[in-house]
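Visitor: Protein chains in written order, with our numbering: chain A, 24 to 293; chain B, 92 to 346; chain C, 16 to 297.
Each hint should be verified, as a subset may be incorrect.
Stretch by stretch, here's where chain B covers chain C in the computed footprint (C-beta under 8 Å, at least three residues) [what the hints assert, rightly or not]:
| # | segment |
| --- | --- |
| 1 | 112-118 |
| 2 | 141-150 |
| 3 | 223-231 |
Pairwise CB distance ranges (calculated) [stated by the list, open to error]:
| # | chain 1 | residue 1 | chain 2 | residue 2 | range |
| --- | --- | --- | --- | --- | --- |
| 4 | B | M308 | A | Q59 | 41 to 51 Å |
| 5 | B | G122 | A | L130 | 34 to 44 Å |
| 6 | B | T335 | A | P44 | 33 to 43 Å |
| 7 | B | L143 | A | S73 | 53 to 63 Å |
| 8 | C | A210 | A | L271 | 43 to 53 Å |
| 9 | B | L136 | A | L204 | 31 to 41 Å |
| 10 | C | K276 | B | T335 | 46 to 56 Å |
| 11 | C | E82 | B | A167 | 51 to 61 Å |
| 12 | B | R309 | A | P44 | 54 to 64 Å |
| 13 | B | G326 | A | L271 | 30 to 40 Å |
Here's a subset of chain C near chain B, in silico, CB distances under 10 Å, partners left out [stated by the list, open to error]:
| # | residue |
| --- | --- |
| 14 | R92 |
| 15 | G95 |
| 16 | L97 |
| 17 | Y289 |
Read the hints as simulated data drawn from the structure, not as lab findings.
Heads up, the beta-carbon is just placed ideally off N, CA and C, and yes, glycines get one too.
Each chain, written out:
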Amino acid sequence: MKAAPKHQGETPARANSDSAPIRGLLPLALGLVVWQILAPPNSPYFPPPSEWVRALEALAKAGRLWPAVATTLMHFALALLIDILLGSALGIVLGRSRTLDRLLGPLLEFGRTMPAGALVPVAVLIMGYTSSMTLAVVVLTSFWPILLNTRAGASSISQDRLDAARALHLSWWATQQKILLPSVVPSIRLGTQIAAPITLIIVLLVEILTQVSGVGRQIALSQSMFRSANVYGLVALTGCFGLAVNWLIGGIGRLTHKYDPAFSDGVASH
Amino acid sequence: MNKAMQRVNLPGLAVIAICAGLWELYCRTLGSGFDSIASTYATILAVKDLLLQGPLLEQLLHTTSVAIWAWLIASALGFVIGLCLGLSRTAWTYTMASIEVLRSIPSISFLSIAVLLFGFSAKTEMVIVVYVSLWPMLLGTLGGMRSTPGGLLEVARIFHLSAISTFFKIILPAALPVIVVGLRLSLTLSIALAVVAEMIGNPEGLGFGIVSAQQAMRPADAFAYLLVIGILGWGLNAIFAMATHRLDFAYGRPS
Amino acid sequence: MKNAGIGAETILASDRAKNPMPGNRSDGELTFRCRALSIDVGHPQRRIIEGLNLEVPEHQFVCILGESGVGKTTLLRVFGGLTPPAPGSQLELNGRRVIGPPQGAVFVFQNYTASLLPWRTARRNVELGLEASVAAPERRARALAALDLVGLHDRAEDYPWQLSGGMQQRVQIARALAVEPKLLLMDEPFGALDAMTRENLQTELRKIQRQLGATVIFITHDVDEAVFLADRLIVLKGKPASVGLDVMTDLPAERDQVTTKELPRFLELRHLIYQAVRREGA
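Next up, chain A with everything else stripped away, as it sits in the complex (with noise of 0.2 Å):
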């Protein structure tokens, strides 16, 4: 089959790779200023942005800020690496086996599709108000995308490649690293870079939730004692984390590109 030839498409309409110009955070900008002038600074339910740097001062001088963003950092790194393990194992294994699949399946599904946080109170209950605890719901919670993604990934992998490593007459061992594994890691890639904000997401959810630790246990915290700077202080704080993520999302993609051959179908499992 030739590929398809490089002109038709010239018409330039619409390029989804476009990057966001600088100029959209114009509203974003506008709407701070704007907030910023017009609030008055004790203002209890809108304090302006000035008042929340204020605020995480106050925290940070106060012991509490670093220890909780450590924290919550830490849930996060821990959490999205036994993401990885569990869902790229699980992925392969499933991907693999057409009956385990099937034999799982509902169960998986139903696991699959359990809102977040409603395990919550069933771990608390079980395992008490621990980082454990917090790990295992984030966990329970998160990996999905990197199950299903690995899953999709292993379950097609070209009949050419295995039937190549027969002809070679490699060993089991053989096979799984030197075809299977470069075959998954695109799509364990992109299961990574979408659990990865869901990771963020979960954790601080545990964390307002229970109240553990980490800056939800301090969003909760600060909303149940009404100090508003604080709120949205920790908020624009759990916004930076976010930032950082996407940032770290696009950070895969470079590093493992050289994986990246043509996959089958670049539909991203969620």
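Knowing the structure of chain A, use the given hints to seat chains B and C on it.
Guide: Same frame as chain A, but now just chains B and C:
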């Protein structure tokens, strides 16, 4: 009949039944010392009791209706905004970066802001669920509008389709698969956020139920609520999948 | 492929000339003409076609050949109004300047999968060009007739993904034919198909063209295909390219995959073309 039976995946369901049985076994033997877990049987009993004598039914109805209404509103809003940004290059240029920043803020953080501003109420729940759920729909619609394959746009040109025709016959249908994904993600978020909002922001619904059970240290009730919530999530997803099945067929992805 | 019934021809070709004379210039408006046509592409701009002059009278089947990359597709896209030529170029269809896809002309793309609407059945794909001007019942009839002409009448309700590559390309051709164009621009339409399908489609295309009296400008890099199909052969050559060879085939109007290809004139033309293409290989 055979084909329908095949589609139902009996072995898979059998696995679930076996797991339930194993859990029951565990609870009666090794796990009998733990008072924070509930066996399968105890859970089912609790569901029955909560349903017949307790608030489970009205809580289920509350959560379901909030989730669905919020999903519909959020989807409509997200669609319209996504459409406007997708069609107007100027609007896109001058707002996209702001949107990228806003959407990076973990949605859950806004829950606390909503509780701060609106207190504990049904309004809080609705507001937060709508706000969070509109993002996938917005981004899906926007993405779909902006990624019409160039080849199809040229086809529109050679047949002299008007701008309106091009939109309805080419751009919108081409965007549909992505929009449907956005709809599904929105639905997932609506259900999850409704439950979470009920845990902190609004003392009604299944979320409130499960948290109450946990605080009162009643594991059977907590497990019961977990089961019902799980079935709700699973059920709505299944209905959505069935509704969009026909679309898969048209677009070349029969399952 | 089955030959179409009388019904199909009547619906589509009721007032067309049935026996066009290739090579004769008619006074008619149906002339495609370009003068001093130049085309620039790329960043930075590079001139790939320089000062091309061409006049194509109605009913003529022109095949344009050339080495890969010489600019055939771009040239056809310019003819079809999809890409603008360099300033100073003159391009007319029916006496009217070509700015954007002209009325009465239809382009058939090489990548058929990217040209069909995947969410529409074959019949509805074919109806696309008719929707603005024709009412539903007649539209359906014309679409089915066009599909019949290309031998896909019984696959009308299938979606593109259910059809093979050859069938998809036939659907695209049926879509082009349904609007009864005066000018058909075809960009290596059979390039991605297997040999047998290609030969069948070539034979059918010539028949259809003669029935409808359409003018065709057909791009290919396959010499045999070009000689088989054409009333007139043009070879593009050079960097920037211009017309290297322009010759009437003078082959009989009725053509056959076996006998026509054994004619001395056929072999002579092949020879001429290979010489023209290979000489000064740039």
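Visitor: Run every hint past the structure and note whether it holds.
Guide: Hint check:
no., hint, verdict
1, 112-118, "holds (count 3)"
2, 141-150, "holds (count 4)"
3, 223-231, "violated (count 0)"
4, B:M308 - A:Q59: 41 to 51 Å, "holds, 47 Å"
5, B:G122 - A:L130: 34 to 44 Å, "violated, 20 Å"
6, B:T335 - A:P44: 33 to 43 Å, "holds, 34 Å"
7, B:L143 - A:S73: 53 to 63 Å, "holds, 56 Å"
8, C:A210 - A:L271: 43 to 53 Å, "holds, 51 Å"
9, B:L136 - A:L204: 31 to 41 Å, "violated, 48 Å"
10, C:K276 - B:T335: 46 to 56 Å, "holds, 52 Å"
11, C:E82 - B:A167: 51 to 61 Å, "holds, 55 Å"
12, B:R309 - A:P44: 54 to 64 Å, "holds, 55 Å"
13, B:G326 - A:L271: 30 to 40 Å, "holds, 35 Å"
14, R92, "holds, 9 Å"
15, G95, "holds, 7 Å"
16, L97, "holds, 6 Å"
17, Y289, "violated, 33 Å"
In this structure, the earlier hints numbered 3, 5, 9, 17 are contradicted, and the remaining ones agree with it.
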